[in-house]
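J.: Please work from the sequences and hints to get the whole structure.
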Amino acid sequence: MPKILNNSVFKERRRELRKNQTDSEKILWQYLRNKQMKGLKFYRQYGVGPYILDFYCQKLGLAIELDGSQHLEKEKRLYDEARTQFLQSFHIRVIRFWSNDAIKNTKGVLDAIYQATETHP
Numbered sequence: 030m031p032k033i034l035n036n037s038v039f040k041e042r043r044r045e046l047r048k049n050q051t052d053s054e055k056i057l058w059q060y061l062r063n064k065q066m067k068g069l070k071f072y073r074q075y076g077v078g079p080y081i082l083d084f085y086c087q088k089l090g091l092a093i094e095l096d097g098s099q100h101l102e103k104e105k106r107l108y109d110e111a112r113t114q115f116l117q118s119f120h121i122r123v124i125r126f127w128s129n130d131a132i133k134n135t136k137g138v139l140d141a142i143y144q145a146t147e148t149h150p
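Just so it is clear: in the sequence shown, position 9 is 38 by the working numbering, and no numbers are missing.
Any given hint might turn out to be false.
Claimed, not checked - Straight-line Cα separation of at most 27 Å, BS3-like style, residue types lysine-lysine; simulated pairs:
#1 Lys48 to Lys105
#2 Lys105 to Lys40
#3 Lys105 to Lys55
#4 Lys32 to Lys103
#5 Lys55 to Lys40
#6 Lys40 to Lys133
#7 Lys133 to Lys48
#8 Lys67 to Lys88
#9 Lys32 to Lys48
#10 Lys64 to Lys32
#11 Lys133 to Lys55
#12 Lys133 to Lys103
#13 Lys70 to Lys88
#14 Lys55 to Lys67
#15 Lys70 to Lys40
#16 Lys64 to Lys88
#17 Lys55 to Lys70
#18 Lys40 to Lys64
Unchecked claim - Restraint-style ranges between C-beta atoms, simulated for each label pair:
#19 Tyr108 to Asn63: 27 to 35 Å
#20 Asp52 to Asp109: 18 to 26 Å
#21 Gln144 to His120: 17 to 25 Å
#22 Arg106 to Lys133: 16 to 24 Å
#23 Lys70 to Ala141: 18 to 26 Å
#24 Lys55 to His100: 14 to 22 Å
#25 Asn36 to Thr135: 15 to 23 Å
#26 Glu147 to Ser37: 28 to 36 Å
Hints were generated in silico from the structure; no laboratory data involved. Heads up, the beta-carbon is just placed ideally off N, CA and C, and yes, glycines get one too.
T.: Next up, the structure:
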């Protein structure tokens with residue numbers, strides 16, 4: 030069985046994404062890093078299969094994705110749906126937020142993430 034978590038094939042791409050975070054990723058990372066949320070370890074730009082997740086809590090199997098306006102396009106929505114189905118097949122729950130919300134309503138997004146950690150199966 031091929032390695033599906035943090036496959037070394039995508040290591041450089043993950044590193045590049047960490048170096049070039051979006052503003053919304055930078056903001057959320059300030060609150061998720063160093064086990065600041067309920068002592069849970071979150072990783073940024075974590076690889077699962079062919080996909081790279083914005084944030085991932087392995088203990089809960091919880092992926093957090095921040096979507097920009099390009100995710101409104103039909104082709105991107107179909108890609109996101111296939112990606113979510115793939116992740117769910119490995120029992121990974123995906124929660125999505127608009128990048129704008131992470132910037133303009135950080136507390137609301139953090140509250141929703143906190144709630145997701147409470148209700149995670």
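J.: If a hint holds in the structure, say so; if it doesn't, say that too.
T.: Consistency of the hints with the structure:
no.	hint	verdict
1	Lys48 to Lys105	holds, 24 Å
2	Lys105 to Lys40	holds, 23 Å
3	Lys105 to Lys55	holds, 23 Å
4	Lys32 to Lys103	violated, 30 Å
5	Lys55 to Lys40	holds, 20 Å
6	Lys40 to Lys133	violated, 31 Å
7	Lys133 to Lys48	holds, 23 Å
8	Lys67 to Lys88	holds, 12 Å
9	Lys32 to Lys48	holds, 24 Å
10	Lys64 to Lys32	holds, 26 Å
11	Lys133 to Lys55	holds, 13 Å
12	Lys133 to Lys103	holds, 25 Å
13	Lys70 to Lys88	holds, 8 Å
14	Lys55 to Lys67	holds, 19 Å
15	Lys70 to Lys40	holds, 20 Å
16	Lys64 to Lys88	holds, 12 Å
17	Lys55 to Lys70	holds, 16 Å
18	Lys40 to Lys64	holds, 23 Å
19	Tyr108 to Asn63: 27 to 35 Å	holds, 32 Å
20	Asp52 to Asp109: 18 to 26 Å	holds, 21 Å
21	Gln144 to His120: 17 to 25 Å	holds, 19 Å
22	Arg106 to Lys133: 16 to 24 Å	holds, 22 Å
23	Lys70 to Ala141: 18 to 26 Å	holds, 19 Å
24	Lys55 to His100: 14 to 22 Å	holds, 19 Å
25	Asn36 to Thr135: 15 to 23 Å	violated, 32 Å
26	Glu147 to Ser37: 28 to 36 Å	holds, 34 Å
Consistency with the previously given hints fails for numbers 4, 6, 25, ordered from lowest to highest.
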